Amino acid sequence: MMPDIGHYALILALVVAVMQGVLPLAGLSKNNEKLFAFATPMARIQSLLVILSFLILDYAFYANDFSVYYVATTSNSNLPLMFRLAAIWGGHEGSMLFWVAILAVWTLAVTFFAKDLPLRFRSSLLAVMGLISVGFIMFILFTSNPFERIFPAPFDGRDLNPLLQDPGMVFHPPLLYMGYVGFSVAFAFAIAALLDGRLDVTWARWTRPWTTAAWVFLTLGIALGSRWAYYELGWGGWWFWDAVENASFMPWLIGTALIHSLAVTEKRNAFKAWTVLLSICAFSLSLLGTFLVRSGVLTSVHAFATDPSRGLFILLFLVVVIGGALILFALRAPSVGLGEKFDLVSRESLLLTNNVVLFTATGSVLLGTLYPLLIDALNMGKISVGPPYFDTVFVAIMVPGIFLMGVGPIANWKKASVPDLASKLKWALAISVVSALLVPNIMGRLSPMIFVGLLMAFWVMSSVFTSIKMRLNSIPSGSLKQKFKTFGRAYNGMLLAHFGLAVFIIGVTMVKGYEREHDITMQSGETKVINGYDFKFDGILPIRGPNYIAKQGQFHVSKEGKPVALLTPEKRLYPVQGAVMTEASISINPVRDIYISLGEELEEGGWSIRVYFKPFVQWIWLGCVLMGLGGILTMTDKRYRLKNSA
Amino acid sequence: MIALRPILITVALFLSTLSFNMPAFAVDQVSESPAVEARLKKLSIELRCLVCQNSTLADSDAPLAQDLRNEIRKLIEAGKTDEEVVAYLVARYGDFVTFRPPVNATTALLWFGPFLMLIIGLITLMIVLKKRAKLLASDETLS
Amino acid sequence: MKLKFILPLVLFFILVGFLGKGLFLDPREVPSPLIGKPAPAFEAPVLGDPSKTFSTADMKGQVWLLNTWASWCAACRDEHPLLVEMLAHDIPLYGLAYKDVEADALKVLDEMGNPYIITANDADGTIGIDYGVYGVPETYIIDKAGIIRYKQIGPITPESLRDKILPLLKELDA
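Chains as they are written, first to last, in my numbering: chain F, 1 to 646; chain Y, 1 to 143; chain X, 1 to 174.
Just so you know, the hints here were simulated from the structure itself, not pulled from any lab data. Treat the hints with caution; some may be incorrect.
Under the rule of at most 20 Å between Cα atoms (straight-line distance), these lysine to aspartate or glutamate pairs were calculated in the DMTMM-like manner [unchecked claim]:
no. : chain 1 : residue 1 : chain 2 : residue 2
1   : F       : LYS382    : X       : ASP90
2   : F       : LYS528    : Y       : ASP82
3   : F       : LYS528    : F       : GLU600
4   : Y       : LYS42     : F       : ASP343
5   : F       : LYS414    : Y       : ASP139
6   : Y       : LYS74     : X       : ASP124
7   : Y       : LYS80     : X       : ASP130
8   : X       : LYS37     : Y       : ASP59
9   : Y       : LYS42     : F       : GLU517
10  : F       : LYS483    : X       : ASP26
11  : F       : LYS341    : Y       : ASP139
12  : Y       : LYS134    : F       : GLU340
13  : Y       : LYS131    : F       : ASP343
14  : Y       : LYS42     : Y       : ASP67
15  : Y       : LYS130    : F       : GLU560
16  : Y       : LYS80     : Y       : GLU32
17  : F       : LYS536    : F       : GLU560
18  : F       : LYS382    : Y       : ASP139
19  : F       : LYS382    : X       : ASP124
20  : Y       : LYS41     : F       : GLU340
21  : Y       : LYS42     : F       : ASP519
22  : Y       : LYS131    : F       : GLU340
23  : Y       : LYS74     : X       : ASP26
24  : F       : LYS485    : F       : ASP343
25  : F       : LYS512    : Y       : ASP61
26  : F       : LYS551    : Y       : ASP139
27  : Y       : LYS41     : F       : ASP637
28  : F       : LYS512    : Y       : GLU37
29  : Y       : LYS41     : F       : ASP343
30  : X       : LYS164    : X       : ASP26
31  : Y       : LYS74     : F       : ASP519
Interface residues of chain X toward chain Y, partial, derived using beta-carbon atoms under 8 Å [what the hints assert, rightly or not]:
no. : residue
32  : SER32
33  : ALA103
34  : LYS107
35  : TYR134
Computed from a prediction, not measured in an experiment: that's the story for all the values here. All C-beta atoms in this analysis are idealised placements derived from N, C-alpha and C, irrespective of residue type, glycine included.
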């Protein structure tokens, strides 16, 4: 009964979404203001229906209703409640419904927080979001219905993939989807502005907090996914340049470019066509990611079961949404004005140069991700493009961008001079070169890669401090505290995000440069010295989890007689899926992780064990969190409170 | 169709408890020389496991991956260079086996395209900015 | 309308073309670089009779099929009845038991019928590596000069038999 209500709610949501999409646009073309009044109520009803539908499906997971085919395939009555509720996004159908539910959350947010936008503009905005919702609800209803029933219902479900039975997987998809789907708001703003012919400074100001919000979610979502991979996949990697990881990274890169170009558009009313194009690109890449994950055109860890009809449907949807947006762009963008003047050397120009770099970097990721497909489609063979390619090409393109990141915040708006910049930054440069040589000296090994990585990180950090110093000096009087108060959240947020990136780069460089891996075999009771630490293996304990059984290794780690940690890596058997999983155990501290995973039990007795030392690895995610916090600070700046600005 | 589903589920449940398509025996014959293991590691993280195609040869537990690792150990011990080891695998499995695509006519766009794009992008930005400055300057004189 | 504003649209449609084509390709299938090259030579004990050996050298001058299989492989069992049916076509089918326990492999032949003229035993899988086997069953067609002309990845299906294998054998035999 309940699942049928969920299904009907979704059908009803489709009907309402069509009205939400069509009526306001009809109003726009016929200049009939009355039709605009439909936008907000329809958007709210549609969103609530979708959310209701989602909650009903999740209730089926809660209630172990295995008469729902989707529940029977992705859950199990022994699965702990938290994972059961999260199992809803553990498969294709449910995660699509989740996608639309997140779109509904954003739609509701727009109806509540963008109340002060002009009616005409807000209606077009909601109409665009409604049309996106129409496409996805149709996709769910026609190709991927999560409410499909089976009769008779099986006694129990096939269980959630054990890899996904992890707290990280409970929170990673919601954040990631909030980010992905959040770019639909920026997209809708862009389309509404093109339709309405109001590409101007106010448009840029309205878009900025929404874009930043989506970017914050995406940043945190990607970081959480990466951290999950780090401890769950058992080999200590945190990024593999897998097709699906790239699919989430590309919108992030373009979103980052968009945040910076919006700054230029808001300040100088300039490069509006470019900014609009980036808004379209960010969401287009989100959609492309959805296509890549769900069509099976690329091999990937995350790919869902393939079904050509699904792929075809999404591709068609892509053509309509992106193609339509780009046609509108081609028609309307040429008529936007030039905006105000700024010099060839200015913060504006530097921001735009950063845009070229980020755009190219995205291009390299896209090219690398799709190249195997292109070559195959042209019948030129099969190749794999993996980490060695991206580590070379992507990083090489980003280095000049990160150098500019140190210069940009120092440069004046409108007009800056090279000699002035050089004199302001000479100390930052000197300090970063010295530090980048000093740190490897302490760590015991220097390589060009390590030097460049650390140089970039310290360069950005010292530039952040130079910015603060300059800003403080520019205020003639007052105590330090009073001076700091004048900074404004947007400015602090920018500095924090930049600092976060530097922290991230330190993490990456230190791990890449200095990580150690040891494959060893140990007998119970044995002690081995690895990398200066004593590892005492106290044997294996049998463990029984809620839905698995495990063998748990007991390792006492100590250094110079002082205990450091008790590490308990596991080898788990999930009987429902017959899957064996390796659970790593990690001792975390700010400057190093000790990571241990159980290999195989050896015939001659004992176990094969893999131990990693990963210096500064936590800084990778710490950096992402700082970037996210920077974004939150920026978007809550009073400048963007709509009340007084519209 | 609907009526078939429970049967399919039962079959799937049954199948999943058995590990089909995997031979039961394969063991890494770890070399006594750390130098061999280090080179194996360096090589195998850039090679693709053909069975579970998203793992590297270094991380995969698939029996074929273990066999291939053992094969690479033999080749290294026989004094082959890294290039020769990769060539050995490429001859059997094609370029698909390496995560580092070879640089040739087919992949020229892949390897050099992004740098070309960066240069073109920067030049375009320069031109656009200059043109824009000129237009704005002439606007000013007009008004 | 200026060209530069249409450029994104053009690029997008090129991309869509490739993505559309991609829907009908299998990214997991790895074409063999050995096609058109001499079949790797090997000599291996005959399954069920280790005192005898099978050698590729003996096959010179004939067109033949080498089917890699194993008792632990579910897809091979699916394929097996078709192979037995192929006996009617008088196809020179040779087997390669890949990484199998001899007794298990023999049991399959006993229970499901033996479609092979001879099965060579590749117990440690080294012949498989030379042939670039990455997932049994895989089937190679080798011509009179000892050149690999075709590789079927995965089970032979009635369609692939009718559309590819039989026509090719006819052509090679002529």
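Against the structure, the hints:
1. LYS382(F) / ASP90(X): Status violated; Cα separation ~34 Å.
2. LYS528(F) / ASP82(Y): This hinted pair is violated, its Cα atoms lying about 32 Å apart.
3. LYS528(F) / GLU600(F): It holds: about 18 Å lies between the C-alpha atoms, which stays within 20 Å.
4. LYS42(Y) / ASP343(F): Distance ~49 Å between LYS42(Y) and ASP343(F) Cα, so the pair is violated.
5. LYS414(F) / ASP139(Y): Holds. LYS414(F) to ASP139(Y) sits at ~18 Å (cutoff 20 Å).
6. LYS74(Y) / ASP124(X): holds (14 Å)
7. LYS80(Y) / ASP130(X): holds (17 Å)
8. LYS37(X) / ASP59(Y): violated (31 Å)
9. LYS42(Y) / GLU517(F): Given pair LYS42(Y), GLU517(F) holds - Cα atoms ~12 Å apart, limit 20 Å.
10. LYS483(F) / ASP26(X): violated (62 Å)
11. LYS341(F) / ASP139(Y): holds (11 Å)
12. LYS134(Y) / GLU340(F): holds (12 Å)
13. LYS131(Y) / ASP343(F): holds (12 Å)
14. LYS42(Y) / ASP67(Y): holds (17 Å)
15. LYS130(Y) / GLU560(F): violated (65 Å)
16. LYS80(Y) / GLU32(Y): Judged against 20 Å, a Cα distance of about 18 Å means the pair holds.
17. LYS536(F) / GLU560(F): holds (13 Å)
18. LYS382(F) / ASP139(Y): violated (55 Å)
19. LYS382(F) / ASP124(X): Violated: LYS382(F) and ASP124(X) sit about 28 Å apart, past 20 Å.
20. LYS41(Y) / GLU340(F): The given pair, whose Cα atoms are some 56 Å apart, is violated under the 20 Å limit.
21. LYS42(Y) / ASP519(F): holds (14 Å)
22. LYS131(Y) / GLU340(F): holds (13 Å)
23. LYS74(Y) / ASP26(X): violated (33 Å)
24. LYS485(F) / ASP343(F): It is violated: about 30 Å lies between the C-alpha atoms, which goes past 20 Å.
25. LYS512(F) / ASP61(Y): Status violated; Cα separation ~24 Å.
26. LYS551(F) / ASP139(Y): Between LYS551(F) and ASP139(Y) the Cα gap is close to 77 Å, so the pair fails against 20 Å, i.e. violated.
27. LYS41(Y) / ASP637(F): Distance of about 50 Å is beyond 20 Å: violated.
28. LYS512(F) / GLU37(Y): holds (19 Å)
29. LYS41(Y) / ASP343(F): Status violated; Cα separation ~52 Å.
30. LYS164(X) / ASP26(X): holds (18 Å)
31. LYS74(Y) / ASP519(F): holds (19 Å)
32. SER32: This hint holds: SER32(X) lies near chain Y, its Cβ roughly 7 Å from the closest one there, short of 8 Å.
33. ALA103: Since the shortest Cβ distance to chain Y is 13 Å, the answer is violated.
34. LYS107: Because about 15 Å separates LYS107(X) from the closest Cβ in chain Y, which is outside the 8 Å limit, the hint is violated.
35. TYR134: holds (4 Å)
Figure legend: structure checked against the earlier numbered hints; hints not met, in rising order: 1, 2, 4, 8, 10, 15, 18, 19, 20, 23, 24, 25, 26, 27, 29, 33 and 34.
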